[in-house]
Amino acid sequence: MLWLGVAYLGALGALFLAAFWTTDEFTGNLVKVFTLENFRQLVELPVYRTITLRTLGIAALVTVVDAALALPVAFYMAKVARPGLQRLLVIAVLMPLWASYLVKAYAWRGMLSKSGPLSWLGISPGYGLTGLVITLAYLWLPYMILPVYAGLQKLPDSLLEASSDLGAPALTTFRRVVLPSVFPALVAGSIFTFSLTMGDYIAVKIVGGPTQMLGNVVADNYGVANNLPFAAAFAVVPVLVMIAYLGAVRRTGALENL
Amino acid sequence: MKHPRTLAVLAAAGALALVVAGCGSSDSGGDGKKSAAGFTAPDVPMAKKLGTKEGAVSILAWPGYAEDGTNDPKTDWVSPFEKATGCQATVKYFGTSDEAVNLIKTGDYDVVSASGDATLRLIAGGDVAPVNTDLLTSYADIRSFLKDQPYNSVDGQMYGMPQGWGANLLTYNPDVVKPAPTSWSVMFDASSPYAGKITPYDSPIYIADAALYLMNTKPDLGIKNPYALDQDQLTAATDLLKTQRGQVSEYWSDYLKQQQALESGDSVVGTSWQFIVNLIEADKKPVEALLPDEGSTGWSDTWMVAAKSKHPNCAYAWLDYIGGPDGNAASAYYFGEAPANAKACDVIATTDKDATFCDTFHAADEAYAKKIWYWTTPVSACLDGRTNVKCTTYADWTRAWTEIKG
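Quick mapping for you: the protein sequence lines, in order, are chains A and B. Residue numbers for the first sequence follow numbering that gives the first Met the number 0, beginning at 0 and rising by one. Residue numbers for the second sequence follow numbering that gives the first Met the number 0, beginning at 0 and rising by one.
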C-alpha cells in the first residue's frame, strides 16, 4: 500500500513537476528551469480553451447517451427478465469488454466509413464528432449498464407495485420512484464514462476525422512534438476537472448510497 | 488500517522525495562544431574502427524502408542482411519526423532513417553520432549531390548514409476527381468540389506545403523558401490551412489509415507517398499521383547512428548494406523514390527488370533534385538568408498546427 502510494503519487508528482519546465525549441531536450510559460500559453491561446470545452461537451454527451441506453437495458435485466436470462444478459453485456479496444474502434471505423455497412441504411456520418460520440458511447456502455443494473436490483419490487397501486402511470413511477433510487448508480457509471472520455486519445484518431480532443493534444505534444512540459501542463486540466466532478458527486451524497 | 494518517504522510514524503530526485540541472552541451543553422553540434564520439558485430540491431525506419517479409513475404531485404552479417534486426516504423526524434531519445534504437526536418534536431540534441564514412564501403558510390548537404552534415562532417529522396505527391482517385488535377489548388481552393474528402499530412511541417502554394499564388507575400517564414508569412499560411480545415476528412500520419481511407472513398484527394500509391494499386483500387507544376515539398533521407546505440558495429553494417547497391535498390524500388547509390539503378534495371525506374524518379538528375523543397527544420535564422527579420521556428509551427486543427 505504501509502495503503491509512493510509486503512483511519485510518478504523478514527477509528471506535474515537468509542467513547470520547458524544452529547448530546437533539440527538444528538457530545460529544468522553473517557469509558468506553459500555463501562460494554455490560458492565452483560445484553441486550448476550445479543445477543453469540446472534450467536456463530448464527455457529457457520451454520459447522457450511455445513461439513456443503459436504463432500459438494465431495467429489463433487473426487473423483467427471468433469472436464467438475467445471467445470460450479464454475460452478453460483458462480452465486448473481452475484445480489444483497438479492434472495436477500428470496427467502428469500418462501419462509419462512407462506403461502410451503415451507409447501406442511408446513414453515413463519416469520421467526425458524430462518429466519435457513437464509438465512445459504445465502448463505455458496459461500464454504465453494470452499476445501473446493480442499483436496480437493490430496488424492491414492492415499491413499484405500491406506486402503481397508488394510481401512478408507468412513466410517473419511473420518474418519481425508479430514477431517484437509481441515481447513485447512474452517478457511479457516469464517473467511468466521463473520466474515460476526458482522457481518451485513441478513438479520436481512428474515427474522429480531423477532430482534436484534450487527450490527443497531450499525446501529440508528448509523443510527436516532444514537448513533455507542455503536455504535462495540459494534462493538469482533466485532473482539475475530475477533482471538481468528484467533489460535486460527493456533495450529492450519491457516493454514500452505493 | 491502523495509522492512516501516518501512512498518508509517509506516502506524501516518499512522493516528494522522488520528485525532488527528478530535479537537476539541465543537460550542458559540450563544445562542438557550428552549423549553418547557427547551432553547435555537441561532441559525440565517432567510431574509429569496426569491431565484432553484436548480433542484433534495432532499426527505426519510415514505413517501407526496412521490409522483413511481415508485410509481404516476397518483399524482404532485411533477411539477406541478417544472414550475411548475423545481426538480427528488429524494425519499428514511425509516422512523422517528430515521432522519430522522440523515439530516438529513448535510447532503444541503433539506426534511424531521418528526413531533413529531423536530422539537424537529432544532431543538435546529441542523439546521433558523426559517421566515419571511411568505414562504409558503399559510401563511395553515393551520388555526390547528396553528400555533405546542410541537412546531413556539420562543418564537413557527415552524420549518416544517404538513403534516397522523393517528393510528396498529389494523390487522387481518378474515378471521382475529374478532370485530372494538375495543381495543388484542388486541395487549397476554398470552394473545392471535394470538400470533406481531402486528406493532408498530419504534421506541422505541412505548413511548408501551404507556404509553397502561397509562393505561387500570392507572390507579394515575398516567400522565397517555404521553410523560412516570418510571422506575417506564417499567419498567411495558417489562414490558408484554417480554410482547408473545413474541407478535411482526416489528417493522416499512419500510412495504413490513409491507404484505407483512399481505397474506401472517405478521402479522394490528398498528399501521399509513392509507396502508399503502390500499395493501393496492388489492391487494384483506382489511384493516380503526380508532382504538380508548382513543385512540392519532399524528403531527402539519411540513415543515422544513434549516439546511445547498443550495437554500433551492426549499426554500421546496416548503413553499409542499405546504402549499398542491393539494399538501396530494393528499398528505393519498393518505396518509390530516387536511390542514393548510383549503382542501385543498374541493379533495379536487371533484378526488377525496370530500366526506366531511375529516369522516372530522376535519380541522376541533380537539377531536378534541387527543385524539391526537402523537409527542413524551420529555425529563427532565416533559411532564405534574410537577416532583417526573425523567422518562425518549428515550435511556432507546432503551436500554429494545433490552432489550425482547432
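Calculated from the structure, these hints are not laboratory results. Errors might be hidden in some of the hints.
[Unchecked claim] Taking lysine-lysine pairs in the DSS-like style, the calculated list, with each CA pair at most 27 Å apart, reads:
(1) A:K113 - B:K52
(2) A:K103 - B:K48
(3) B:K307 - B:K177
(4) B:K146 - B:K342
(5) B:K48 - B:K370
(6) B:K241 - B:K389
(7) A:K31 - B:K389
(8) B:K241 - B:K217
(9) B:K73 - B:K47
(10) B:K284 - A:K113
(11) B:K389 - B:K73
(12) A:K113 - B:K283
(13) B:K241 - A:K31
(14) B:K177 - B:K73
(15) B:K104 - B:K241
(16) B:K404 - A:K113
(17) B:K223 - B:K342
(18) A:K113 - B:K104
(19) B:K307 - B:K283
(20) B:K91 - B:K223
(21) B:K73 - B:K146
(22) B:K370 - B:K47
(23) B:K352 - B:K342
(24) B:K223 - B:K284
(25) B:K307 - B:K82
(26) B:K47 - B:K177
(27) B:K284 - A:K103
(28) B:K309 - A:K103
(29) A:K31 - B:K307
Holds or violated: K177 of chain B to K73 of chain B, with C-alpha atoms at most 27 Å apart: violated, 35 Å
Mind checking the alpha carbons of K307 of chain B and K82 of chain B for me, to see if they're no more than 27 Å apart? holds, 25 Å
Restraint status (C-alpha distance of K223 of chain B to K342 of chain B at most 27 Å): Cα-Cα ~35 Å, so violated.
For the pair supplied as a hint, K241 of chain B and K31 of chain A, confirm whether the alpha-carbon distance does not exceed 27 Å. violated, 34 Å
Could you grab the alpha-carbon distance between K284 of chain B and K103 of chain A and see if it respects the 27 Å cut-off? Between K284 of chain B and K103 of chain A the Cα gap is close to 26 Å, so the pair holds against 27 Å.
Are K48 of chain B and K370 of chain B close enough, with their CA atoms no more than 27 Å apart? Judged against 27 Å, a Cα distance of about 37 Å means the pair is violated.
Pairwise hint evaluation, K103 of chain A against K309 of chain B, where the allowed Cα distance is 27 Å at most: Roughly 38 Å between the alpha carbons, so the hint for K309 of chain B and K103 of chain A is violated.
Is it true that the CA of K73 of chain B sits at most 27 Å from the CA of K146 of chain B? Outside the cut-off at roughly 32 Å; violated.
For the pair we were handed, K389 of chain B and K73 of chain B, check the Cα-Cα distance against 27 Å. At roughly 51 Å apart (the allowed maximum being 27 Å), K73 of chain B and K389 of chain B break the hint.
Between K241 of chain B and K389 of chain B, is the straight-line Cα distance small enough, at 27 Å or below? holds, 24 Å
K47 of chain B and K177 of chain B: Cα distance at most 27 Å? The hint is violated at about 58 Å.
Tell me if the straight-line CA distance from K223 of chain B to K284 of chain B falls inside 27 Å. violated, 38 Å
Hints 1, 2, 3, 5, 9, 11, 13, 14, 15, 17, 18, 19, 20, 21, 22, 24, 26, 28 from the earlier list are contradicted by this structure; the remaining hints agree with it.
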